[in-house]
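Given the coordinates of chain A, assemble chain B onto it according to the supplied hints.
Chain order of the listed sequences is A and B. Taken in order, the first sequence gives residues 1 to 333; the numbers are from full-length UniProt numbering. Taken in order, the second sequence gives residues 1 to 280; the numbers are from full-length UniProt numbering.
So, partial list: chain A residues that the calculated Cβ filter (under 10 Å) puts toward chain B:
{"no.": "1", "residue": "Pro43"}
{"no.": "2", "residue": "Arg68"}
{"no.": "3", "residue": "Gly73"}
{"no.": "4", "residue": "Met74"}
{"no.": "5", "residue": "Ala75"}
{"no.": "6", "residue": "Asn78"}
{"no.": "7", "residue": "Ala83"}
{"no.": "8", "residue": "Arg88"}
{"no.": "9", "residue": "Thr89"}
{"no.": "10", "residue": "Ala111"}
{"no.": "11", "residue": "His116"}
Which residues of chain B face chain A? A partial, calculated answer using Cβ under 10 Å:
{"no.": "12", "residue": "Gly134"}
{"no.": "13", "residue": "Gln135"}
{"no.": "14", "residue": "Ala136"}
{"no.": "15", "residue": "Gly138"}
{"no.": "16", "residue": "Leu139"}
{"no.": "17", "residue": "Ser144"}
Listing some non-contacts, in silico: residues in chain A with all C-beta distances to chain B over 10 Å:
{"no.": "18", "residue": "Arg10"}
{"no.": "19", "residue": "Ser26"}
{"no.": "20", "residue": "Gly273"}
What the hints contain is simulated information worked out from the structure, not anything from laboratory work. Even for Gly, the Cβ is constructed at its ideal location relative to N, Cα and C.
For reference, the chains in residue letters:
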Amino acid sequence: MSGAATKAGRTLAMGQDEAAGGGRQSVEAPFGRALARLGQSRPDIVGLTADLGKYTDILPFRDAFPDRFFNVGMAEQNLVAVAAGLARTGKVPFATTYGVFATRRAYDFVAIALAHSNLDVKIVAGLPGLTTGYGGTHQAIEDLALMRMIPGLTIIDPCDATEIEAATEAIAAHRGPVYMRLLRGSVPVVFDAGYRFEIGKARQLRDGSDVGIISTGFMTERALDAADALSKQGISAGVLHVPTIKPFDAEAVAAFAAGVSRIVTAENHVIVGGLASLVVETLFDAGIAKKLTRIGLPDRYIECGAVPTLQAKYGLTTEAVIAAIIALVRTTA
Amino acid sequence: MLRNSPPGSADIGALERKATQLRRHMLTMARGQGQGYIGQGLGIADVLAALYFHELRYDPHNLAWPDRDRFLLSTGHYSIALWAALAEAGVIPVEELITYGADNSRLEMSTLDTTPGVEVIGGSLGHGLGQGVGQALGLRIDRSDARIFVELSDGEMQEGSTWEAAMSASHFKLDGLVALVDCNGIQADGPVVLDMEPVAEKWRAFGWQTSEIDGNDMKAVVGALAGARERNGQPKAIVLRTLPGKGVPRIETSEKSHFFRVDVAQWDGIIAEFENGAAR
Numbered sequence: 001m002s003g004a005a006t007k008a009g010r011t012l013a014m015g016q017d018e019a020a021g022g023g024r025q026s027v028e029a030p031f032g033r034a035l036a037r038l039g040q041s042r043p044d045i046v047g048l049t050a051d052l053g054k055y056t057d058i059l060p061f062r063d064a065f066p067d068r069f070f071n072v073g074m075a076e077q078n079l080v081a082v083a084a085g086l087a088r089t090g091k092v093p094f095a096t097t098y099g100v101f102a103t104r105r106a107y108d109f110v111a112i113a114l115a116h117s118n119l120d121v122k123i124v125a126g127l128p129g130l131t132t133g134y135g136g137t138h139q140a141i142e143d144l145a146l147m148r149m150i151p152g153l154t155i156i157d158p159c160d161a162t163e164i165e166a167a168t169e170a171i172a173a174h175r176g177p178v179y180m181r182l183l184r185g186s187v188p189v190v191f192d193a194g195y196r197f198e199i200g201k202a203r204q205l206r207d208g209s210d211v212g213i214i215s216t217g218f219m220t221e222r223a224l225d226a227a228d229a230l231s232k233q234g235i236s237a238g239v240l241h242v243p244t245i246k247p248f249d250a251e252a253v254a255a256f257a258a259g260v261s262r263i264v265t266a267e268n269h270v271i272v273g274g275l276a277s278l279v280v281e282t283l284f285d286a287g288i289a290k291k292l293t294r295i296g297l298p299d300r301y302i303e304c305g306a307v308p309t310l311q312a313k314y315g316l317t318t319e320a321v322i323a324a325i326i327a328l329v330r331t332t333a
Numbered sequence: 001m002l003r004n005s006p007p008g009s010a011d012i013g014a015l016e017r018k019a020t021q022l023r024r025h026m027l028t029m030a031r032g033q034g035q036g037y038i039g040q041g042l043g044i045a046d047v048l049a050a051l052y053f054h055e056l057r058y059d060p061h062n063l064a065w066p067d068r069d070r071f072l073l074s075t076g077h078y079s080i081a082l083w084a085a086l087a088e089a090g091v092i093p094v095e096e097l098i099t100y101g102a103d104n105s106r107l108e109m110s111t112l113d114t115t116p117g118v119e120v121i122g123g124s125l126g127h128g129l130g131q132g133v134g135q136a137l138g139l140r141i142d143r144s145d146a147r148i149f150v151e152l153s154d155g156e157m158q159e160g161s162t163w164e165a166a167m168s169a170s171h172f173k174l175d176g177l178v179a180l181v182d183c184n185g186i187q188a189d190g191p192v193v194l195d196m197e198p199v200a201e202k203w204r205a206f207g208w209q210t211s212e213i214d215g216n217d218m219k220a221v222v223g224a225l226a227g228a229r230e231r232n233g234q235p236k237a238i239v240l241r242t243l244p245g246k247g248v249p250r251i252e253t254s255e256k257s258h259f260f261r262v263d264v265a266q267w268d269g270i271i272a273e274f275e276n277g278a279a280r
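Chain A on its own, in the form it takes in the complex (with noise of 0.2 Å):
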């Protein structure tokens, strides 16, 4: 990757972000432009962050509409329980802040004063997974899986800067507790502009039959780009994108995985209690029975360092994906 070239071996300063992979187009911001432009139809729409502003894109949302933006500082309780205040009063907050802190610091304000009354929050976490090279500090690589135990929370996984602006509107328009991972600043775009997002619903973005790979966040990306390497090695991959974690699409994920010899999920997250086990678990549910493996992070906390020798290093690539596909088929033949 490009960005590997320049900036390996190196840990960037907080705000930075490696340059999108890939080669691919990129959008500056996609969750605060879409959460601007929401601002102007929904005046209900109020912002919160709990001095992360700068660091979680929501700065266009303060600069369109000061009055309705608050800062409550290092606090990230009172930024979940703030927040549930002003749903109470009929407002649609949307509270930034990173995910290890919204998930390990605010989870009883999480799971009780939002979720346990249904309220209309929608929690925007930063750093998902390994986005940073900040170490365990900073590194929500659990989140999903925490999350996941809250009764009625919706969780989101994007991919791209394109379903993140889709997924913006999509949680403002839906009623209730959502937490959805958050790719900052220059986020590559990898769906094109017909992609269509929908809570709940996985998208079948590749055909094929030797392995299905089922993926979520940017995951999804490295498995477009596995699927198309492997097609030249006469390796038919298909694709199927689960953006929502919660509530979960069983349904489509069984039919996918019904049509393939063989599964691989990936997710930017531990392989335990996320993606991975979701799918284990509605496989199982469902009597399919198939050789599986799971990509994804190891059950322990990940080092300080430069994002993409960390990527590389515990399996995030898209070289990894495919080295993980061949050995399967392999092994499998």
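For chain B alone, kept in the frame of chain A given last:
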């Protein structure tokens, strides 16, 4: 529809009789259940009487009224007091009080917001004040002059989120937000396990206009609430020194008053003790 009463107009004697009636309801509930957080409820009865029958702009027949003042009970286990107030205000039937804590009752031992008149899920301590801050911000956006009253307790101040909320309230100049800090000196493990004093100084240091009163003195409670009406850019804290079990000497003196459990046969004696005191 209840309206804010102008300062000085309170009928202190009538409010004291309301507080006695709330305590009577609470004893009915605790007797039915055989146990409960009766100590805390009896301690805060005067404050709830002053709020629901004098201070709150509140319509028991229109609970969703956007311009209502809101009372948030952060200590959800004080629900026994809230059910008494809501019953006396006509929100829930008095006959239902006997179901307190029973299976399938709406009158839970710790509040959920599914019961009419409950503004927030209490119980997980440290949640109420932050939600009060959010509601006050929402009312400000709507240009409503409605106020938010959040009850919280001395033990609850040990939850760090209380101070996160306190900082943000003064930063946002939420002068329609009133914290009612019930200092009854007890928590789950007994007498307060961390020294929280000086309580009033802490709130002042966080930018709150703070008064400190005997929370079982109706005249003082009404006066402090009147003093908290000023819209001067500061949130208000009223530090209430209350006596757990107030009105029933044998509960007042019990060391177990965080959660009070007695034999069914003893309730007649407890109620007689209370009625003797109320009659004096």
